[in-house]
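Respectively, the protein sequence lines represent chains X and V. Positions 33 to 357 (this note's numbering) are the ones given, in order, by the first sequence. Positions 366 to 759 (this note's numbering) are the ones given, in order, by the second sequence.
Please keep in mind that the hints were generated in silico from the structure rather than gathered at the bench. Heads up, a few of these hints could be off.
[Unchecked claim] Partner residues aside, some chain V positions facing chain X, computed with beta carbon under 8 Å:
id, residue
1, 401
2, 405
3, 411
4, 413
5, 450
6, 454
7, 455
8, 671
9, 674
10, 701
11, 704
12, 705
13, 730
14, 738
15, 753
All residues carry an ideal CB built from backbone N, CA and C; glycine is no exception.
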Amino acid sequence: MITWNSFLVFAICSVCLWLAGSVISALKVSDSSISTNPNAKSIASLKTGSKILPSVLYSAGSAIFLAFIVLLWISLERPPMRTMGETRLWYSFFISIIGLAMYLRWGFRWVMPFSTVMAIVFVCINLFKPEIHSKALMPALQSIWFVPHVIVYMFAYSVMGVALLVAIFHCYKLTKSTPDTASYSAPTASKATTAPTTKSTASQATNSTPDTASNSAPTTTSLKDDKMKICDILVRIGLGFLTLGIVMGALWAKEAWGDYWAWDPKETWAAATWISYMLYLHSRPHIKDDRYSCALLILSFILLQMCWWGINFLPSAQGISVHTY
Amino acid sequence: MEPLGGIKRSLIDSTVLIIIGTVLQLCLGSFDPSILRFPIGQIIVVLYIYLLICIHIFQKRWTFLQRLSDKNASIVSMASMLVILLFFGLVRQDGRTDGLVGLLGFSKMTHSWIFILLFLNFMTGVSLNAIEDIHHPKSHKLGTILFHLALSIVLVSSAFSSGDMLRLKVTLKPGEAQSAGVDANGIAHNLPFELSLRQFQMEVYPPALRIADIQENKYLEGSVAADETTASIDRWNISIRTYLENAGSSSGIFIPLDHFGSVPAVDLTVKDMESGSATSGWVSCGSSVFSEKFLQLDDRHVLVMSTPEPKSFMSEVRVDDGEGNIQIKGIRVNHPLKVGSWRIYQAGYDVKNGRWSTYSVLECVRDPFYAFVRLGLVLLLAASVVLIALGKKK
Chain X
33 MITWNSFLVF
43 AICSVCLWLA
53 GSVISALKVS
63 DSSISTNPNA
73 KSIASLKTGS
83 KILPSVLYSA
93 GSAIFLAFIV
103 LLWISLERPP
113 MRTMGETRLW
123 YSFFISIIGL
133 AMYLRWGFRW
143 VMPFSTVMAI
153 VFVCINLFKP
163 EIHSKALMPA
173 LQSIWFVPHV
183 IVYMFAYSVM
193 GVALLVAIFH
203 CYKLTKSTPD
213 TASYSAPTAS
223 KATTAPTTKS
233 TASQATNSTP
243 DTASNSAPTT
253 TSLKDDKMKI
263 CDILVRIGLG
273 FLTLGIVMGA
283 LWAKEAWGDY
293 WAWDPKETWA
303 AATWISYMLY
313 LHSRPHIKDD
323 RYSCALLILS
333 FILLQMCWWG
343 INFLPSAQGI
353 SVHTY
Chain V
366 MEPLGGIKRS
376 LIDSTVLIII
386 GTVLQLCLGS
396 FDPSILRFPI
406 GQIIVVLYIY
416 LLICIHIFQK
426 RWTFLQRLSD
436 KNASIVSMAS
446 MLVILLFFGL
456 VRQDGRTDGL
466 VGLLGFSKMT
476 HSWIFILLFL
486 NFMTGVSLNA
496 IEDIHHPKSH
506 KLGTILFHLA
516 LSIVLVSSAF
526 SSGDMLRLKV
536 TLKPGEAQSA
546 GVDANGIAHN
556 LPFELSLRQF
566 QMEVYPPALR
576 IADIQENKYL
586 EGSVAADETT
596 ASIDRWNISI
606 RTYLENAGSS
616 SGIFIPLDHF
626 GSVPAVDLTV
636 KDMESGSATS
646 GWVSCGSSVF
656 SEKFLQLDDR
666 HVLVMSTPEP
676 KSFMSEVRVD
686 DGEGNIQIKG
696 IRVNHPLKVG
706 SWRIYQAGYD
716 VKNGRWSTYS
726 VLECVRDPFY
736 AFVRLGLVLL
746 LAASVVLIAL
756 GKKK
């Protein structure tokens with residue numbers, strides 16, 4: 033019978049494997065060497081092979097973490113999704129999965145270390161401030177919508193978390209670069225003005241690190257070099273899941289309370305979060321300086337945190353929200 | 366980058382809306398959604414859709430109409446909604462009318478003219494974009510088309526249904542029949558059917574045992590379910606000998622009793638792992654009939670039992686529509702009963718008496734736009750799936 037007392041053992045195993053996978057992924061063949069080396073094809077295949085060890089270690093960490101969640105589910109005889117501690121379990125798990133998926137898809141060396149740090153933060157919160165004592169599942173939560181609603185939301189939160197990490201990383205790089213190359217990647221209008229020829233920019237990239245190369249060569253950069261495009265994809269996917277979560281919540285609320293939407297504080301902040309990410313996506317083609325887009329992503333993520341747990345401490349929400357746990 | 370003038374123009378438009386909203390709020394007071402009752406609400410929604418189509422048709426001839434739905438207008442309307450939603454989230458929705466917040470109607474935001482105008486602006490932008498998408502569909506924009514259309518249906522149908530939505534609370538005692546309910550303002554309304562409660566049933570979880578620090582006035586971290594045998598909280602080891610789900614007390618001793626007001630009780634021993642001392646006795650949460658019993662562990666710690674949390678509760682009701690249609694059904698949370706255009710929800714019970722509640726509270730809801738909102742939400746689900754599937758594409 034698995035209880036929260038076993039969490040420490042599972043957490044240590046997962047964290048060790050995540051750290052091992054992350055460190056190895058960070059030390060492997062750099063991305064730049066592939067685009068600049070004449071034998072790019074053979075190096076690419078080498079790189080694909082080099083992804084195996086960190087990916088296996090990392091996914092083993094996630095598998096152990098998932099095993100704990102599943103065993104806890106069986107032990108509690110209900111989905112472990114009710115308390116803050118339980119939702120943090122899913123967050124750690126999903127963020128590790130998304131980090132792994134991004135590493136496999138785009139080969140970022142930094143993404144697994146970043147997502148590991150984020151996952152560890154939430155594991156540590158669960159260890160030091162569990163908020164997990166209640167075993168009961170109140171009648172309102174006994175619905176077919178409960179599991180998909182929470183999982184979809186936690187997945188969306190995790191995707192948005194990774195999008196934020198990418199944006200901050202990108203902003204940091206931009207800030208470190210020279211002012212005239214600091215902004216470049218508005219997907220439509222700015223490209224033609226900042227990258228005159230493919231050939232010249234490609235040669236610039238040869239003598240640069242991957243990230244500074246991408247700063248100065250927007251038209252020739254691949255998707256993996258254009259961090260804001262990665263952010264756009266992640267936000268689009270995250271927004272899709274966020275919308276699924278909101279709609280499922282609305283359909284559930286109608287079954288439980290007779291109203292699709294009641295402007296409960298949680299719902300109000302969910303709407304603010306949703307519209308903020310929507311604003312990000314709509315404004316992206318019109319904002320030339322990526323730092324403004326990053327700022328909007330940071331604001332959106334703060335709103336998301338407010339929606340997730342911030343309302344528990346917000347004076348305006350005290351005693352009137354049905355979403356307290 | 367778009368000309369700055371476009372954004373500036375849209376910002377001015379939104380500012381004008383806020384000023385108009387403020388003037389309306391100060392002159393007329395908060396908006397009363399009851400004016401949207403049948404048939405006014407239905408007439409307005411038809412006129413609104415007609416107006417949207419007209420705007421769409423004449424947008425090319427009269428370009429100023431594009432200011433309602435172009436890219437700049439969309440961005441500014443979303444930003445305006447975001448700002449007003451931040452106020453919505455930060456201001457307590459208690460309906461107070463004093464102070465600047467009360468004066469602007471922000472303490473009952475959904476009735477504030479500023480919120481309503483900004484919402485209307487946002488809804489109009491989305492709807493015009495939806496019409497444009499449908500009129501000139503592009504296969505690679507399937508996700509966007511679905512998203513705009515679904516969102517437009519949800520926003521329009523929910524906005525204009527608020528006047529016709531009726532929520533009536535009905536408090537039923539066993540054997541008693543009711544054919545009227547009371548709305549949030551305490552006004553009674555007749556129901557098109559008669560409700561009577563046959564029985565109210567409740568299942569509860571085993572109560573939790575917790576240790577309270579009476580000096581700090583807080584509970585220690587952790588709890589033990591009454592149906593467990595041994596467990597630890599902080600430095601105390603708890604061994605439960607007997608757990609009675611339904612009990613009554615006599616001179617501090619609990620015996621099995623299945624009767625109104627009976628309580629859960631446990632007989633246990635608590636051992637202090639530091640000092641080695643042990644304390645034994647009965648603990649119960651008490652009820653309106655039997656008093657609470659706790660166990661003093663030392664001069665600042667007490668073992669208490671919390672009130673059992675409900676696992677499920679159900680009202681078995683008889684519904685008679687007066688036309689010979691009688692149905693006897695159980696209504697539980699998340700499982701409403703549909704009667705014509707009404708849905709009946711399990712809303713509450715006498716919390717003080719818990720599973721011995723002598724009445725059940727049901728809520729009868731009439732929502733004529735139910736199907737439209739549902740259609741919009743289902744479309745929005747589909748749009749989200751498309752958005753995720755095509756996440757990489759624009």
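### Message
Min Cβ distance, residue 413(V) to chain X: is it shorter than 8 Å?
### Response
Hint violated; residue 413(V) Cβ to chain X Cβ min 20 Å, cut 8 Å.
### Query
Does the nearest C-beta of chain X fall within a distance shorter than 8 Å of the C-beta of residue 704(V)?
Constraint on residue 704(V) not satisfied, violated at 13 Å.
### Query
Can we keep the residue 705(V) interface hint, with Cβ of chain X closer than 8 Å?
Violated - the Cβ of residue 705(V) stays beyond 8 Å from chain X, reaching only about 15 Å at its closest.
### Message
Using the nearest Cβ pair, does residue 411(V) come within less than 8 Å of chain X?
### Response
Status violated, d = 22 Å.
### Query
Going by Cβ atoms only, is residue 671(V) closer than 8 Å to chain X?
violated, 10 Å
### Message
Given a cut of 8 Å on the nearest C-beta pair, is the interface hint for residue 450(V) held or broken against chain X?
### Response
At 4 Å from the nearest chain X Cβ, residue 450(V) passes the 8 Å test, so the hint holds.
### Query
Are residue 701(V) and chain X close enough, Cβ to Cβ, to be under 8 Å, as the hint says?
holds, 7 Å
### Message
Just to be careful: measuring from the Cβ of residue 455(V) to every Cβ in chain X, is the smallest value less than 8 Å?
### Response
At 6 Å from the nearest chain X Cβ, residue 455(V) passes the 8 Å test, so the hint holds.
#### Entry: Hint check, residue 454(V) versus chain X [nearest Cβ-Cβ separation less than 8 Å]
holds, 5 Å
### Task
Go through the hint on residue 738(V) and say holds or violated, using the shortest Cβ distance to chain X against 8 Å.
Because about 6 Å separates residue 738(V) from the closest Cβ in chain X, which is inside the 8 Å limit, the hint holds.
#### Entry: Cut-off 8 Å, beta-carbon criterion: hint that residue 753(V) touches chain X
holds, 4 Å
### Query
Should the hint that residue 405(V) touches chain X count as held when the rule is a Cβ pair under 8 Å?
violated, 22 Å
When the structure is compared with the earlier hints, violations turn up for hints 1, 2, 3, 4, 8, 11, 12 and for no others.
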